[in-house]
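Residue numbers (the numbering used here): 79 to 381.
Since the hints were derived computationally from the structure, they do not count as laboratory data. Because the structure is a prediction, the values reported are computed rather than measured. One thing to keep in mind: the hints can contain errors.
[Said to hold, decoys possible] Quick list of simulated restraints, FRET-style, between CB atoms:
| hint | residue 1 | residue 2 | range |
| --- | --- | --- | --- |
| 1 | E329 | H137 | 35 to 45 Å |
| 2 | T211 | E136 | 20 to 30 Å |
| 3 | Q177 | V379 | 17 to 27 Å |
| 4 | D154 | G279 | 32 to 42 Å |
| 5 | G234 | T281 | 30 to 40 Å |
| 6 | L309 | A250 | 21 to 31 Å |
| 7 | A288 | D313 | 31 to 41 Å |
| 8 | R117 | D181 | 17 to 27 Å |
[Claimed, not checked] In silico DSBU-like links for lysine-lysine, alpha-carbon gap of 30 Å or less:
| hint | residue 1 | residue 2 |
| --- | --- | --- |
| 9 | K333 | K210 |
| 10 | K276 | K96 |
| 11 | K323 | K276 |
| 12 | K276 | K168 |
| 13 | K333 | K168 |
| 14 | K276 | K333 |
| 15 | K280 | K323 |
| 16 | K280 | K168 |
| 17 | K168 | K96 |
| 18 | K323 | K96 |
| 19 | K96 | K280 |
| 20 | K280 | K333 |
| 21 | K210 | K280 |
| 22 | K323 | K333 |
Quick reminder that beta carbons are idealized off the backbone N, C-alpha and C, glycines included.
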Amino acid sequence: MQSDANGLIGAIEAGGTKFICALARHDGTIVARTRIATRHPSETWADVVAFFRTASAEHGAIDSFGVASFGPIDIDPTSPAYGTITTTPKPGWSGARYQDALDEFAVPIVVDTDVNGAAIGEWLTGAGQGVKTMAYTTIGTGVGTGIVRDGRPMMGFSHYEAGHIRPHRDPAADPFPGVCPYHGDCVEGLASGPAILKRWGKTLDQLAQAPADLLLVAGYIADLAADLVLLHMPDRLIFGGGVMKTPGLVEALRKATEERLGGYVRHPRLDPGLETYLVTPHLGDDAGITGAIELGRHALVQR
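Given only the sequences and the hints, what does the whole structure look like? Please build it.
Below, the structure is given as structure tokens:
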């Protein structure tokens, strides 16, 4: 998707711990970029606006913004609350709205979830190239999934919340109740970075010598992976995020996912061992900002 305008796209990947802000040409070339720590919205957004003021003064006018944000967030363009963060436990952010923060630039804004942004980025130039439908899941501070079809994120009345699906947990074998304040032992409550740290006092990569721990986490994530196959039949599954960088985890996840599918779903896409079907991101930490730039292109078209 391209535009003939001469200006630039402002892109924001907003996470629970950091904001990545970039100013990019319409072809995706980034001309300015910064990282801002996520604090209270008044502090965070002051830094965000200051960056774009300075970058725009140096490089040119901003035509649009694309925002890929943590949530939950209202991403329905027809809603009066579009762009507003809703039931997040992050202090001060519930009710915060991106359009209010960026109002002074007076340009169109498209807002979506951070994981949808990463999914779009991987579909465009990463591990999702060449497929029609793909699911991108992040396992990190939180757990979320974006489903992209022909480069457009799918949703219902709101964005999907796959991270809050409950996997199978045997309380006798695993007494850990989970850390999700809403559901306890959902996937996010059991397999996210904070859940792993709360359970063992270490990150998963620090537990690499404890294969039983790695297999337990892989099993919970595999329950989600199998559900994604059964519910969406995507052409590819991509799993990213900090937890997925643990050595051996993706291999354990492939094996556990294949076991859970039990041979029921048969298709050439599902190669034996799932080595080409269930993959890690090709763009690494740049997937989200790449998707945010594309969201900015969407805003240009809507304008």
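Here's how the hints hold up against the structure:
no., hint, in the structure
1, E329 - H137: 35 to 45 Å, "holds, 43 Å"
2, T211 - E136: 20 to 30 Å, "violated, 40 Å"
3, Q177 - V379: 17 to 27 Å, "holds, 18 Å"
4, D154 - G279: 32 to 42 Å, "holds, 41 Å"
5, G234 - T281: 30 to 40 Å, "holds, 34 Å"
6, L309 - A250: 21 to 31 Å, "holds, 29 Å"
7, A288 - D313: 31 to 41 Å, "holds, 34 Å"
8, R117 - D181: 17 to 27 Å, "holds, 20 Å"
9, K333 - K210, "holds, 24 Å"
10, K276 - K96, "holds, 21 Å"
11, K323 - K276, "holds, 19 Å"
12, K276 - K168, "holds, 18 Å"
13, K333 - K168, "violated, 35 Å"
14, K276 - K333, "holds, 26 Å"
15, K280 - K323, "holds, 15 Å"
16, K280 - K168, "holds, 23 Å"
17, K168 - K96, "holds, 13 Å"
18, K323 - K96, "holds, 19 Å"
19, K96 - K280, "holds, 22 Å"
20, K280 - K333, "holds, 24 Å"
21, K210 - K280, "violated, 38 Å"
22, K323 - K333, "holds, 17 Å"
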